[in-house]
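Trainee: Letter by letter, the chains look like this.
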Amino acid sequence: MADHQNIYLLLSAILFTIGCGGVLTRKNAIVVFLCIEIMLGAVNLVFITFSRANTSPEGIFMVMCVMAVAAAEAAVGLAIFVLLYRKTGSINIDKFNLLKW
Amino acid sequence: MEYALVLFCGIIAIATAIMVVVSRNTVHSALWMIGNCVIIAALFLLLHFPFIAILQVIVYAGAIMMFILYAIMMLNLRHSDDSADIAGNISMGRYLILALFFVGVVVLGIGFGPMALQGSMTEPAMMKFGEVELLANYIFSEGLIPFELVSVLLTAAIVGAIYLAKKD
Chain A
1 MADHQNIYLL
11 LSAILFTIGC
21 GGVLTRKNAI
31 VVFLCIEIML
41 GAVNLVFITF
51 SRANTSPEGI
61 FMVMCVMAVA
71 AAEAAVGLAI
81 FVLLYRKTGS
91 INIDKFNLLK
101 W
Chain B
1 MEYALVLFCG
11 IIAIATAIMV
21 VVSRNTVHSA
31 LWMIGNCVII
41 AALFLLLHFP
51 FIAILQVIVY
61 AGAIMMFILY
71 AIMMLNLRHS
81 DDSADIAGNI
91 SMGRYLILAL
101 FFVGVVVLGI
111 GFGPMALQGS
121 MTEPAMMKFG
131 EVELLANYIF
141 SEGLIPFELV
151 SVLLTAAIVG
161 AIYLAKKD
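Residue numbers (the working numbering), protein chains in the order written: chain A, 1 to 101; chain B, 1 to 168.
Bound-form chain B, shown alone (with noise of 0.2 Å):
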């Protein structure tokens, strides 16, 4: 059963993602990007990780494509030249290259697969503590430094943001 929900959401998933390249309409193009980042959701809520799930709805569904969205908006694509959007002389090699990247990766990732390492989100403490709390320790502990450089980040990005933006 769970393993023929994974199957269509992943069927689904691949579909959006071609639907994204292939729209010939920019806006077309976001609202497929939306469904797919809702689609991941639903796979992460397969894997037992509900919080990323909701993580991923608000940020990716919710606030990066609706900025997007905004962003099309204010552009006014409509005079813009979308005849010569997709390039139309791609040679064979290029998709040659995918292929073969497409093989490494899969090999890369199966190859190393599961490393019976252990941590603390075992499935009796998922259970007892829940996935937040877990993660909350290991935010404040190990991973404080990281976790306000992301701060640090998100602040300068938002400072380079309105300065590229404004009117000079």
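Isolated chain A (complex conformation) (with noise of 0.2 Å):
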């Protein structure tokens, strides 16, 4: 059994609370990315202590697929930002509004 499961858990949501209110309000795209890196560490973080306490391999394979999934989202992310700056010079993400009605 997870012996301080608790404090886990709780750290694991106040991470991700840091990385949502850096997402609500920093304006640098690369820095947006930054914050959702975060708050995939953090969901690593409960999947890790769940799987510990359930001695179950489920989680730990899910943390695998999110670190596989965050490497993809990074190269595409990324990609993405590369042509941004390539287009307007600029990755202020309030000047990328063209999909907003």
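Keep in mind the hints are simulated off the structure, nothing from the lab. Do not take every clue at face value.
[Unchecked claim] Sample of chain B residues at the chain A side, in silico, Cβ under 7 Å:
#1 V6
#2 M33
#3 L98
#4 G143
#5 L144
#6 A165
[To be verified] Computed Cβ-Cβ distance ranges for the label pairs, DEER-style:
#7 A/R86 to B/A63: 17 to 27 Å
#8 B/I54 to A/K100: 27 to 37 Å
#9 A/L24 to B/E142: 29 to 39 Å
#10 B/E2 to A/L98: 45 to 55 Å
#11 A/D94 to B/F67: 20 to 30 Å
#12 A/K95 to B/Y163: 20 to 30 Å
[What the hints assert, rightly or not] Straight-line Cα separation of at most 27 Å, DSSO-like style, residue types lysine-lysine; simulated pairs:
#13 B/K167 to A/K87
#14 A/K27 to A/K95
#15 A/K95 to B/K167
#16 A/K87 to A/K100
#17 B/K166 to A/K95
#18 A/K87 to B/K166
#19 A/K27 to B/K166
For clarity, every value in this text was computed on a predicted model and none was experimentally measured. We put the CB at the ideal spot given by N, CA and C, even for glycine.
Combine the two chains into a complex, taking the hints into account.
Mentor: See the structure below:
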């Protein structure tokens, strides 16, 4: 059984909220991306904690999938940023409002 | 002793996460994020999963963060408008929603506490076979289809990234 499960859950809740706040307040697209990575890290921590508590390998498998998805997301996301920077000369997310109604 | 270590790592993790959000310089944000990844790997180690901790350091702190720093270098952000980076007029409502969100996440997490579900990774099995063997047994029996789909996803991401970033 996990020894200090509630500490881990509280910690990942705090980290997730910090990441969410960063996504809501920052305008630099790369920093927003880093905040999403913080949120993914917090979710990984929850998966590992529950995997530990339930002695089940599913949580760890999930964490490996999340890591792979994060790597794919980083590749595509940074390619999009490079493309946007080439087109507009900025990565301020407030300037990319083409799809806003 | 372990409790103090968990608390210490947790405080460092929160501090580095806050530094990622409040740093004005993008490169500083990325460097603090590397610290955050490493400290989360330390927390995985404290949960007795050394394989995942190593994976976290290699994949996150090594590959993904290097990739992001490389992209920052290519973008040459010095000319972009840093002054208007952090939104100035954030309403209090947004922070209220964040606080409510935090309370909801905590209640959800602690409410779903340990479910006394017994899997294959019991303490004696972990001692006898180790974590990697149990994980490999799971991946190549029940988790085979998701595992293969992840490889398809990675291939698609490579193709998409090259298509997006190439000169047209």
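Trainee: Each of the hints needs a verdict: does it hold here or not?
Mentor: These are the hints, each one checked on the structure:
Taken as an interface hint, B/V6 checks out: its beta carbon lies about 5 Å from the nearest beta carbon of chain A, inside 7 Å. Look at B/M33: its Cβ gets to within about 5 Å of chain A, closer than 7 Å, so that hint holds up. This hint holds: B/L98 has a C-beta 5 Å from the nearest C-beta of chain A, less than the 7 Å allowed. The interface hint given for B/G143 is met, as the beta carbon of that residue sits about 5 Å from the closest beta carbon of chain A, less than 7 Å.
Below 7 Å, beta-carbon pairs count as interface contacts, and B/L144 has none with chain A, the closest being about 11 Å; its hint is therefore violated. A cut of 7 Å between beta carbons decides the hint on B/A165: the least distance to chain A is about 4 Å, and the hint holds. Distance hint check for A/R86 and B/A63: the Cβ-Cβ separation is about 24 Å, which falls inside the suggested range of 17 to 27 Å. One distance hint, 27 to 37 Å for the beta-carbon pair B/I54 and A/K100, is violated here, with the actual separation near 43 Å.
With their beta carbons about 38 Å apart, A/L24 and B/E142 fall inside the hinted range of 29 to 39 Å. For the pair B/E2 and A/L98, the beta carbons lie near 51 Å from each other, so the given range of 45 to 55 Å is met. The beta-carbon spacing between A/D94 and B/F67, approximately 25 Å, falls within the hinted interval of 20 to 30 Å. The hinted window of 20 to 30 Å between A/K95 and B/Y163 holds, with their beta carbons roughly 23 Å apart.
The suggested pairing of B/K167 with A/K87 holds, with an alpha-carbon distance near 12 Å, which does not exceed 27 Å. Taking the CA atoms of A/K27 and A/K95, the gap is about 9 Å. The hint holds against a cut of 27 Å. For the given pair, A/K95 sits about 23 Å from B/K167 by alpha-carbon distance, which is consistent with the 27 Å threshold. For the given pair, A/K87 sits about 18 Å from A/K100 by alpha-carbon distance, which is consistent with the 27 Å threshold.
Restraint check for B/K166 and A/K95: the C-alpha separation of about 23 Å stays at or below 27 Å, so the hint holds. Simply put, A/K87 and B/K166 have alpha-carbon atoms about 13 Å apart, close enough for the 27 Å limit, and the pair holds. Taking the CA atoms of A/K27 and B/K166, the gap is near 26 Å; set against the 27 Å cutoff, the hint holds.
Figure legend: structure checked against the earlier numbered hints; hints not met, in rising order: 5, 8.
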